[in-house]
Amino acid sequence: MTRPTDTRVRRGGLQPVQVLAGLIGLIYLAIGIIGMIITGFGGFADATHSSLWVFSINPLHNVFHIVIGALGVLMALSSGWARTYGWVLLAVFGILLLWGLAVTGVFAGNPVSGLGNPFALDAADNWLHLGTALLGLVLAVMPAHKKVTTPVTGEQDTARSAAGRADLTGTAAGQGQGSSRRTPRSVGRRLWRRGTAH
1 MTRPTDTRVR
11 RGGLQPVQVL
21 AGLIGLIYLA
31 IGIIGMIITG
41 FGGFADATHS
51 SLWVFSINPL
61 HNVFHIVIGA
71 LGVLMALSSG
81 WARTYGWVLL
91 AVFGILLLWG
101 LAVTGVFAGN
111 PVSGLGNPFA
121 LDAADNWLHL
131 GTALLGLVLA
141 VMPAHKKVTT
151 PVTGEQDTAR
161 SAAGRADLTG
171 TAAGQGQGSS
181 RRTPRSVGRR
191 LWRRGTAH
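All residue numbers for the sequence shown refer to the numbering used here, where the first residue is 1 and numbers rise by one.
Please keep in mind that the hints were generated in silico from the structure rather than gathered at the bench.
You may find that some hints are simply not true.
Unchecked claim - Between beta-carbon pairs, the in silico distance windows are: (1) Ser78 with Ile33: 20 to 28 Å; (2) Pro16 with Ala108: 18 to 26 Å; (3) Thr84 with Ile37: 25 to 33 Å; (4) Val112 with Ser78: 30 to 38 Å.
For every residue, glycine included, the Cβ atom is placed at its ideal position computed from N, Cα and C.
Please take these sequences and the hints and turn them into a complete structure.
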């Protein structure tokens with residue numbers, strides 16, 4: 001199916017990807033702030049510190065959540081940036097997931113043993129990071145809602161104006177001669193038929 005060359009396809013209004021990115025950002029921002037209230041700043045990168053529900057947290061982990069949350073809220077202002085935020089979530093939380101799997105002993109060997117566990121990662125964090133990475137992928141590939149617009153050209157505008165004037169002229173003539181009233185549509189059709197008869 002072909003479209004006229006002057007047809008424009010634009011993104012229509014607020015996109016679902018922006019709403020989802022903003023929600024993810026707000027959730028992580030809230031988690032980071034609540035976590036910071038619980039932990040304070042002491043023992044900033046300790047491997048074991050405090051808990052927020054089933055998740056292990058420390059101040060560094062909380063700061064990370066606040067940064068990710070603020071980034072999501074800011075990048076939700078544009079649909080393109082919201083998709084970029086999805087790729088960021090996929091990459092960053094994918095790395096954190098692999099790191100957490102190594103720290104919690106899922107892998108036979110721990111390739112990051114020299115780095116320790118500065119984010120205080122545990123098994124529950126791994127599930128959260130897996131879910132967030134998958135949400136990031138959804139954001140990154142989510143299609144945009146688009147709106148198709150066809151601007152009225154000068155020729156179309158002139159044709160519409162002429163048709164409107166013909167309708168009004170035919171209606172006025174019919175009323176002035178005392179004939180039965182016709183709707184503008186029927187008068188316009190009659191004038192067109194007369195034109196083709198000549």
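Going down the list of hints, with the structure as the test:
Here the CB-CB span from serine 78 to isoleucine 33 is close to 25 Å, well matched to the stated 20 to 28 Å. One distance hint, 18 to 26 Å for the beta-carbon pair proline 16 and alanine 108, is violated here, with the actual separation near 41 Å. Taken as a hint, the range 25 to 33 Å holds for the pair threonine 84 and isoleucine 37, whose Cβ atoms sit roughly 30 Å apart. A hinted range of 30 to 38 Å for the beta carbons of valine 112 and serine 78 is consistent with their spacing of about 35 Å.
Taken one by one, the earlier hints fail for this structure only at number 2.
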